[in-house]
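Student: Since the structure of chain U is already known, use the hints to place chain G on it.
So the chains spell out like this:
There are 2 protein chains.
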Amino acid sequence: MTDTDADRELRVSKIRNGTVIDHLAAGQALNVLALLGIDGSGGESVSIGMNVPSDKLATKDIVKVEDRELSQSEVDVLAVISPEATINIVREYEVIEKKRIDRPEAVSGVLACPNRNCITNADEPVETRFAVLDDGLRCEYCGEIVREDEIATHLDVA
Amino acid sequence: MTDTDADRELRVSKIRNGTVIDHLAAGQALNVLALLGIDGSGGESVSIGMNVPSDKLATKDIVKVEDRELSQSEVDVLAVISPEATINIVREYEVIEKKRIDRPEAVSGVLACPNRNCITNADEPVETRFAVLDDGLRCEYCGEIVREDEIATHLDVA
Chain U
0 MTDTDADREL
10 RVSKIRNGTV
20 IDHLAAGQAL
30 NVLALLGIDG
40 SGGESVSIGM
50 NVPSDKLATK
60 DIVKVEDREL
70 SQSEVDVLAV
80 ISPEATINIV
90 REYEVIEKKR
100 IDRPEAVSGV
110 LACPNRNCIT
120 NADEPVETRF
130 AVLDDGLRCE
140 YCGEIVREDE
150 IATHLDVA
Chain G
0 MTDTDADREL
10 RVSKIRNGTV
20 IDHLAAGQAL
30 NVLALLGIDG
40 SGGESVSIGM
50 NVPSDKLATK
60 DIVKVEDREL
70 SQSEVDVLAV
80 ISPEATINIV
90 REYEVIEKKR
100 IDRPEAVSGV
110 LACPNRNCIT
120 NADEPVETRF
130 AVLDDGLRCE
140 YCGEIVREDE
150 IATHLDVA
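Top to bottom, those sequences are chains U and G. Each residue of the first sequence is one higher than the one before, starting from 0 at the first, in numbering that gives the first Met the number 0. Each residue of the second sequence is one higher than the one before, starting from 0 at the first, in numbering that gives the first Met the number 0.
Check each hint, because a few of them may be wrong.
[Unchecked claim] With a Cα cut of at most 25 Å, we get these calculated BS3-like pairs of lysine-lysine:
#1 55/U to 13/G
#2 13/U to 55/G
#3 97/U to 55/U
Hints are computed from structural coordinates only; laboratory data are not their basis. As the structure is a prediction and not an experimental result, all values here were calculated from the model.
Isolated chain U, as found in the complex (with noise of 0.2 Å):
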């Protein structure tokens, strides 16, 4: 392989089958892990660039993911976080879908409510719902706000 300035820019290689996830907010990669329920004890094969040179934003996060997809709720919350945010499907190296990634007006499941005495924190068998508001989300269930810049650590990694 030479070693080109192409290489040098390109920090994170291309996946043979899985998703890329790019032009995600600079900062973000680690909560996107998180969403995924990604640790790598699970022996998933994951590369990550942070922070890495954009022309599109001024820096930005890479996820690429082999042999996984993302789930409508998983986009959801991604498109949350980090609207700006493109989803490559990738099959043989080759991209055969891209995604649109739109905010959506409400959120299913992935995010736990904070609100302790929410009927979604009660052992029932009720998923979590928040409706997307412009800086944050609110609990279907009680109301309950979450600033977008919390979201993060409300994922139900459980």
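Tutor: Frame of chain U, contents of chain G only:
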């Protein structure tokens, strides 16, 4: 850049200046980030490969941090959580130093003692110090044992 097997093997590209921590035990990359106090919010440029194929190990993790070197305390903790790790210092894309990583006899700082009543948790100007055992660490002040698989949860990243 040609799309050769070599490219595909190189999961995380070269860095210009900084530290490459290679041959990490699979699953340890995020613990190493925590050890270095890196969560992405500080703007550090970091590349990570988790569970990538390795010649030396079956799979490994790798962490490349630009414009950053490790303190001796950080190297000591790294030696305990991932004894096979190698540390290379890079300048202008070239490895200028390969650091040996030996299991230390003791680890100072970096880790907090899990015993709340330990003098090191009492707002006194006392740095933590642990003796390194075969399968964990022992606080030299209060005798508290930290098992090897618990070390990452006691990183003092306050």
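Student: Give a verdict on every hint.
Tutor: Structure-based check of all given hints:
Between residue 55/U and residue 13/G the CA atoms are separated by roughly 22 Å; this keeps the pair inside 25 Å, and the hint holds. Restraint check: the Cα-Cα separation between residue 13/U and residue 55/G comes to about 22 Å, which is no more than 25 Å; the hinted pair holds. The suggested pairing of residue 97/U with residue 55/U holds, with an alpha-carbon distance near 17 Å, which does not exceed 25 Å.
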